[in-house]
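Same order as they appear, the protein sequences are chains G and P.
When we follow our numbering, the leftmost residue of the first sequence carries the number 1, and every step to the right adds one.
When we follow our numbering, the leftmost residue of the second sequence carries the number 1001, and every step to the right adds one.
Just so you know, these hints were derived from the structure itself, not from any lab.
Please read these numbers as outputs of a predicted model, since none were measured by experiment.
A few of these clues could be false.
[Stated by the list, open to error] The calculated lysine to aspartate or glutamate pairs, modelled on EDC-like cross-linking and capped at a C-alpha distance of 16 angstroms, are: (1) P:K1090 to P:E1125; (2) P:K1191 to P:E1217; (3) G:K158 to G:D116; (4) P:K1080 to G:D403; (5) P:K1080 to G:D400.
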Amino acid sequence: MNINEVLRISWEAIGKKKVRSLLTMLGIIIGVAAVIVMIAISAGTEATISDQITSLGTNLIFVSTSFTRMGPGVSGGTQLVYDDATAIADSISGVTGVVVEQDASETVKAGDVSLDSISITGASPDFKTVRAITVASGRFFTYEDVTNKKKVIVLGSKLAEELFGSAAPTGQSVLVNNTRLTVIGVLAAKGTVGEVDYDTRAYIPISVMLQKFAITPFSRIKGDTIRMVFVQVDPKSNMDNVILQIKILLAKRHNVTLASDSFTITTQQDIIKTQESTTAAFRSLLAWVAGVSLIVGGIGIMNIMLVSVTERTREIGLRQSVGATPNDIRGQFLTEALLMSLVGGLIGAGVGVGGAWLFGLASSMRTVIVLSSILLAFGSAAAVGAFFGFYPANQAAQLDPIDALRHE
Amino acid sequence: MDAAHTIIETSDLTKTFGMGDANVVALDHVSLEVKSGELVAIMGPSGSGKSTLMNILGCLSTPSSGSYILDGENVSNLNKVQLAGIRNTKIGYIFQSYNLLARTTALRNVMLPLIYDRSHKHPRETWEQLARDMLEKVGLGDRMGHQPQELSGGQQQRVAIARALITDPVMIIADEPTGNLDSRSGEEIMKLLNNLHLQGATIVIVTHDPIVAQYTERVIHLKDGHIDTVVHNGKNHHLPALEPQAQAESVAA
């Protein structure tokens, strides 16, 4: 029997019972669509997180106070302070920049314009190079500005426009929560990177931030406590060596042993790897869930194929009487099951891709359609069709032609 | 066609069902012969074994013992696949309930046996023309695109006859071909079969209807699994078909 004939017979059989075929395919459609949508969401989440990590700069080491050591109950000795950051910048070779960052949300006024809840970032001067920021006019603040706690401010491009319109902001003054600051520069537009909109915020020296806007009951115990230091390392120098040097330096400065574990030092790569392994675990869980739904879909197909074999017993008998062999009959029903799951897979892939796209539009979550997920889902659908189609097809092939012809 | 050519030759054909004490003998040493071009009826009450005989003659099953030679080929001990091949190339079936594929045109129904032809005697491109020729032959040239539900019972049975003819079989087996038809349509079908017979077709009709049997040359009566009597109607198959009036009289007689 010719393969075109088999395909045509199967296709017609599916077409004769459109609603039933569609309902039968529903399990496969949902299964395949679910795989694609869920993987798109998880890939989107992964991409968002990895964007956030890489948006902090490249080749970074993250230094922070160990989580368990933080809080009001511990002695001040093992808290990371601003001076630690300058010490790292000054005394360790291979370090190309150190960023300390502290955010606050304040009201900003310029003339008669007043804007509420504007994000203010207090940062060290290396912020500019590590985050790859370009200054459009004026200048960024320097180490002198930080050391002298100069009351200066650099504005994001959109914020500058909102506050001053077309007038040149440089040299003007703004009021941030009643502290008067002088605008020394405006940044070039950078847009949103890793969910941080660089254009709508303002930047001030970290020392001013700690003194004026981020006062906590504990920040003055010993220097200015900070949460994290971002250390950018020269790509040519040895990362592990730099980490070791930072560890030794911090241990010396805080009078603790190297083994005391007071500070957590991780590289950007470590964080990306950890994040990747988390999403990989999440994805394999999704794959199992999707696998189960595909199996349920397959059972649905098997069910309907068994019903179909019973309903079409006389047709099977007729085909046998005009010369169909058991293999012809088996092939016909197997092809029908396979075709049904493939069409279901195709519809499911369409629904999945469309669904993932719509989900990305409608929600704040990002979705990334992964080609391999489409192939995987489609392949599984075909395998399910072949597996669950075999039993009914075999039942049909084993029918006795005399009984089949007599079947009412 | 060689008139002496033997199509069916069975000797001591026996079929038993079940095992041990519950053994039922459905066919008991049946020996018969059908020559090429013959129109034969097999009759008998239910339980006489006529269905069992028909199934074996039609290669739908095999005998428990005895031999069956169809068109010079011993088919007594063939396996399922071989039997399917024999059914495809040598036998044309006509059923009481037509057994046409629903929602499929007459043309496609007639082409059905060709898709299972493993000898590829007819190339794919010729199938449609072949099917058209067969439908013309049974007088349905104007109904080729119709589906079974759009045809009358008599027309459906004619589609089935066209289907039986398409592989050019050595014999046609008809199982109660008029059983589902009114007498007028039944008569048309019997005339059609008689015409085919006059053109040289070998036809075996299984029936319990004496009117149907009247159309045949020879009636084999089965009883309790063996041949009871054989009645020769004495009709010369080279004579033209009976006129409706004469036919009615012979039926009445």
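Verification of the hints:
no. : hint               : result
1   : P:K1090 to P:E1125 : 22 angstroms, violated
2   : P:K1191 to P:E1217 : 14 angstroms, holds
3   : G:K158 to G:D116   : 15 angstroms, holds
4   : P:K1080 to G:D403  : 15 angstroms, holds
5   : P:K1080 to G:D400  : 10 angstroms, holds
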